Amino acid sequence: MAMAAPLVLHLLLALLLGLGGQSRAEPERDSLREELVLTPLPSGDVSATFQFRTRWDSELQREGGTNHHFLRYAVLPREVVCTENLTPWKKLLPCSSKAGLSVLLKAERLFHTSYHSQAVHIRPVCRDAHCVSVSWELRQTLTVVFDAYTTGQGKKDWSLFRMFSRTITEACPLASQSYVYVDISRNGQENESLEVSPPPTSTYQAVILGDRKTYAVYDLLNLATFSGSRSLNLQLKWRQLQDIGSQLVPFLHAQRYVSGYGLQKGELSTVLHNTHPYRAFPVLLLETVPWYLRLYVHTLAITTKGKENKPSYIHYQPAQDRLRPHLLEMLIQLPANSVTKVSIQFERALLKWTEYTPDPNHGFYVSPSVLSALVPNLVGAKPANWEESPLFSTMFPTSDSSSYFVRLYTEPLLVNLPTPDFSMPYNVICLTCTVVAVCYGSFYNLLTRTFHLEEPKRSRLVRWLANIIRRIRGVPPV
Amino acid sequence: MGLLLDSHRRRALARLLLRLNTPLCVVSYLAGVFWFLGLAFSPLTQNTYISENAMGSTMVEEQFEGGEHALNFARDFTAQRRKTGSLPVAWLERTMRSVGLEVYSQSFSRTLPFPDETHERYMVSGTNVYGILRAPRAASTESLVLVVPSSPETLNAQAVGLLLSLAAYFRSQIYWAKDIIFLVTEHDLLGTEAWLEAYHDVNITGMQSSALQGRAGAIQAAVALELNSDVVTSLDVAVEGLNGQLPNLDLLNLFHAFCQKEALLCTLQGKLQHSDWASLGGSLHGLQTLMLMVLRQASGRPHGPHGLFLRYHVEAITLRGINSFRQYKYDMTAVGKTLEGMFRKLNNLLERLHQSYFFYLLPSLSRFVSIGLYMPAIGFLLFIPGLKALELWVKLNKADFGPEEQLGPNHSLVQPFGQDARGVALTPLVAPVLISQATGLALYLLPVMGQHVAAQHFPVAEAEAVVLTLLAIYVAGLALPHSTHRVVSSTPRGPDSGWMALKLVALLYLAIQLGCISLFNFSLGFLLAVTMVPAAALTQPSGPRFLYAVLLVLVSPGATLLGSLFLWRELQEAPLTLAEGWQLFLSALAQGVLDHHLYGALLFPLLSLGLYPCWLLFWNVLFWK
Chain A
0 MAMAAPLVLH LLLALLLGLG GQSRAEPERD SLREELVLTP LPSGDVSATF
50 QFRTRWDSEL QREGGTNHHF LRYAVLPREV VCTENLTPWK KLLPCSSKAG
100 LSVLLKAERL FHTSYHSQAV HIRPVCRDAH CVSVSWELRQ TLTVVFDAYT
150 TGQGKKDWSL FRMFSRTITE ACPLASQSYV YVDISRNGQE NESLEVSPPP
200 TSTYQAVILG DRKTYAVYDL LNLATFSGSR SLNLQLKWRQ LQDIGSQLVP
250 FLHAQRYVSG YGLQKGELST VLHNTHPYRA FPVLLLETVP WYLRLYVHTL
300 AITTKGKENK PSYIHYQPAQ DRLRPHLLEM LIQLPANSVT KVSIQFERAL
350 LKWTEYTPDP NHGFYVSPSV LSALVPNLVG AKPANWEESP LFSTMFPTSD
400 SSSYFVRLYT EPLLVNLPTP DFSMPYNVIC LTCTVVAVCY GSFYNLLTRT
450 FHLEEPKRSR LVRWLANIIR RIRGVPPV
Chain B
0 MGLLLDSHRR RALARLLLRL NTPLCVVSYL AGVFWFLGLA FSPLTQNTYI
50 SENAMGSTMV EEQFEGGEHA LNFARDFTAQ RRKTGSLPVA WLERTMRSVG
100 LEVYSQSFSR TLPFPDETHE RYMVSGTNVY GILRAPRAAS TESLVLVVPS
150 SPETLNAQAV GLLLSLAAYF RSQIYWAKDI IFLVTEHDLL GTEAWLEAYH
200 DVNITGMQSS ALQGRAGAIQ AAVALELNSD VVTSLDVAVE GLNGQLPNLD
250 LLNLFHAFCQ KEALLCTLQG KLQHSDWASL GGSLHGLQTL MLMVLRQASG
300 RPHGPHGLFL RYHVEAITLR GINSFRQYKY DMTAVGKTLE GMFRKLNNLL
350 ERLHQSYFFY LLPSLSRFVS IGLYMPAIGF LLFIPGLKAL ELWVKLNKAD
400 FGPEEQLGPN HSLVQPFGQD ARGVALTPLV APVLISQATG LALYLLPVMG
450 QHVAAQHFPV AEAEAVVLTL LAIYVAGLAL PHSTHRVVSS TPRGPDSGWM
500 ALKLVALLYL AIQLGCISLF NFSLGFLLAV TMVPAAALTQ PSGPRFLYAV
550 LLVLVSPGAT LLGSLFLWRE LQEAPLTLAE GWQLFLSALA QGVLDHHLYG
600 ALLFPLLSLG LYPCWLLFWN VLFWK
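Taken in order, these protein sequences are the chains called A and B. When the letters of the first sequence are read in order and numbered with numbering that gives the first Met the number 0, they come out as residues 0 to 477. When the letters of the second sequence are read in order and numbered with numbering that gives the first Met the number 0, they come out as residues 0 to 624.
The reader is advised that the hints may include incorrect statements.
Said to hold, decoys possible - Computed beta-carbon distance windows for the label pairs:
hint : chain 1 : residue 1 : chain 2 : residue 2 : range
1    : B       : Gln212    : A       : Arg323    : 33 to 39 Å
2    : A       : Ala106    : B       : Gln212    : 32 to 38 Å
3    : B       : Gln62     : A       : Asn66     : 57 to 63 Å
4    : B       : Ser171    : A       : Asp358    : 49 to 55 Å
5    : B       : Ile173    : A       : Val216    : 28 to 34 Å
6    : B       : Ser171    : A       : Trp135    : 41 to 47 Å
Stated by the list, open to error - Selected chain B positions facing chain A (in silico; Cβ < 10 Å):
hint : residue
7    : Ser139
8    : Ile173
9    : Leu211
As the list claims (entries may be wrong) - In silico lysine to aspartate or glutamate, EDC-like type, Cα no more than 16 Å apart, as pairs:
hint : chain 1 : residue 1 : chain 2 : residue 2
10   : A       : Lys340    : B       : Asp200
11   : B       : Lys260    : B       : Glu60
12   : A       : Lys264    : B       : Asp200
13   : B       : Lys328    : B       : Asp235
14   : A       : Lys97     : A       : Glu169
15   : A       : Lys105    : A       : Glu83
I should point out that these hints are in silico values taken from the structure, not numbers from a laboratory. Treat the numbers as computed from the prediction; the structure is a model and nothing was measured. Backbone N, C-alpha and C fix where the C-beta goes; we use that ideal spot for every residue, glycine too.
Okay, chain A solo, but in the shape it has when bound (with noise of 0.2 Å):
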């Protein structure tokens, strides 16, 4: 795993319309393709990315144009994926998971891996070139890492069987499409290193994150891929291990952290990562940061090799308390092979005493910043068709030839705010009470009331005693 990409639920609904109104066949109606993508890691890992799409008629009609006014971005930074999710996102599917490549999916195996991913994405689609009518097209995708160490004990050869405990019978009979794709590129690697049983039918070349890749495709749908056996049970076989410190870095990759101590001020920093030798792109950052941060938004600096960055494009809105969030937009240029700091100062807001949340030692969470970017190729590509090619290809679409469009969530943070002691409140109330009432009577007097001296006057039981008191003294009486 080259980057630790957050594992953020996110709840993306985007509408992108434009898409479908470039002229291109009619999309098929009521359609399910199924994919499954396995892709062998240089360190002996392996990732595998299902991805489903359905696609269904609509009486929808389109209006012209995105009213921006309706666009939605929401984060849930504090929850992490699990199995109630899991459920939930089978159901969805046509053949739920009892046949096809959703058989894989069982969650005794799935929660397992080192990284889990899982995306629910909608939008309509355009059915003729005027748009007047649209499908609604679903598409799922799930994305995990076996982890060599962990899952695999130390062992560096994969099968379907010891991944998911399964193996493939059959695609869903409800499937237009079903393929399993193996990534068996060379990686600049002379030989072949990686042997893949048993051998595919045909191959497929495609310029994926910038890099020509080389696929073993397995047809579902073509029963030779069955041949001889009942089940397909795919096996990868590492003929050399490769050096497991030569990782591949991505051309964008970031880090988020929170620099400072004590619980009054603080800094988000923001690091971006181009490491492609030649090309520089730049990067839309969008930083959502909860209101109780009080971000000052003078401190904004982005420096890349210690000098000034200046953004060519900002659009700030700031936070409105217990209403709406920081809302930070910057275009940022990001010059080739360099290291970008974004960093800006904040104050840690106090809450109130009902605001803090049932664990609040524990911290709260700020959401990733997103980093949307058109990354250059290093080889060149031509546009695919993107109802043909396959759905893993989409992924990360190609705008031209020469870049691909990534999109980018940063480690969500954890920032301690100043916390009192929940068992205080009742002392306190009891003090300031017990001090106000104590204090109040007292300076109200100092300050109302006007001294005279006057003569003692003593009662005589004060007196009698006083005087037996100095008679032990041996002083003469009053």
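Dock chain B against the given chain A, drawing on the hints supplied.
Then chain B, alone, in the frame of chain A:
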């Protein structure tokens, strides 16, 4: 309030105060001292208990079996260390990567303000290596740290071996919810400070270091490990951190729980727990341990790498493997199991450790004294300067409170201060206070700033120059009263009012300082109060002045430090000879100054800018003309 408003009763109260002042002071002092000594005894100590729910139940079976593995790593590490001559960064990176960690390194360099003779270093540069175990399917928001300091003097090879072995074992487990950072630092505390500053992206001590490439969210807790032998007889735990900060008591309780579970011998301040707590011997043993803790806490030094984590609100302790001549030994597996247990419990934490005490004193591992019970001791002591100041105030306004009722009935009560012989005249005090403060400032700045000049003109090394300048300025301060008098014009008021006013100011200054210090470092506050308060209360320019002078010199901050060193070694049952003591004193001075510059320890500025000038004021009172 009403009492004070009534002039007659007020007069009676003032008279009572004057008459009973001395006995009250004596009683208060004795009460303070005996309260403190009583802290180790039964009613004032409580048994420790784990307050944090998340760490309370769910005792699991520890399954770490990598003791032999750890020793192999340790042997390799020693061999590589010998080959490279410094921390074998490449080997560590390779090994950490081979056990499946995400590995990063960080280089740092620091030029010390003056050469450190104890550790023989001046221009330090080194590399920290750390590997991060990413918790599966988590978002890297929280982490735990296991840190092993390695320096040329103490290699800690076995600790590094155990760290690697634990990393390999932890990597194959799936229950981690927090990332775990395995950190090996070079040049012990300097490396730790460099790493911590880089992790939190701050620069507070002028350290030059490269930025960190990998982070793992907010650090929840840290354990530092020091092991230098293949087997251990006991584990010693250090809690005292920078400026006397302490980790949450729950972390210590956790360690204690696993000591008991694994049947390990665990010590505090190098002292085993007495078998019978209730007996007198047990309590006295506890008192000894408590005194050791007070002395160590008062020093304000980080007693292990954990001490530096506390500034960043990361609870941390240091575990040291001790190998003595005791028969029964524990191997690496037992130590590893203890650490495994602790990390698994810390992994369960839902919130930062906050349930238990942050302010406590420990007479043994299983008993503690909470802040509510030890604060009265310092309260009694600080009562004395208050009483004395009140007495002086009354005396300075004595016309109101004549010996007997001689006042006429129409004598006005309310008179503005500073009229004729009554009230406090502040102008004559400006000069002594300013001069004392200036001396303190010189004591703080000159030794380090003037080291090169001193080294050029005298045949001493820089480090010696610093210490000697420190002592010279300190002693030169004693001659101040003679020079201040030239500045001070003669006072037109009563013969005593001058020194009384100065003493009044000095007493209040002392009380405020000690009060503030004792709030964040009780031990330091108490140690200074128990010595300075009686001398400060007694000082006056009449009576047995020579005796007062000797007493005052004996309780000056420097002398207290020297005395504390002797007491410390006495309690450790390794008494010092005078010559050794002096040597130790000199090195402690140098270390104190270094700690301030390297880690931001506050003891040196506190003493030189706060308490030393205050003490000089009393010295001025004593030699008032």
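Taking the hints in turn, this is what the structure says about them:
1. B:Gln212 - A:Arg323: 33 to 39 Å: 35 Å, holds
2. A:Ala106 - B:Gln212: 32 to 38 Å: 35 Å, holds
3. B:Gln62 - A:Asn66: 57 to 63 Å: At roughly 59 Å between Cβ atoms, asparagine 66 (chain A) and glutamine 62 (chain B) fall inside 57 to 63 Å, so the hint holds.
4. B:Ser171 - A:Asp358: 49 to 55 Å: 30 Å, violated
5. B:Ile173 - A:Val216: 28 to 34 Å: This hint holds: roughly 33 Å between Cβ atoms.
6. B:Ser171 - A:Trp135: 41 to 47 Å: 45 Å, holds
7. Ser139: 5 Å, holds
8. Ile173: 5 Å, holds
9. Leu211: At about 9 Å, which falls below the 10 Å cut-off, the nearest Cβ of chain A leaves the hint on leucine 211 (chain B) intact, so it holds.
10. A:Lys340 - B:Asp200: 12 Å, holds
11. B:Lys260 - B:Glu60: Measuring from Cα to Cα gives roughly 10 Å; hence the hint holds.
12. A:Lys264 - B:Asp200: 13 Å, holds
13. B:Lys328 - B:Asp235: 14 Å, holds
14. A:Lys97 - A:Glu169: With Cα atoms ~10 Å apart, lysine 97 (chain A) and glutamate 169 (chain A) stay inside 16 Å; holds.
15. A:Lys105 - A:Glu83: Since the Cα atoms of lysine 105 (chain A) and glutamate 83 (chain A) sit roughly 13 Å apart, the hinted pair holds (cutoff 16 Å).
Hint violations for this structure: number 4 only, all remaining hints satisfied.
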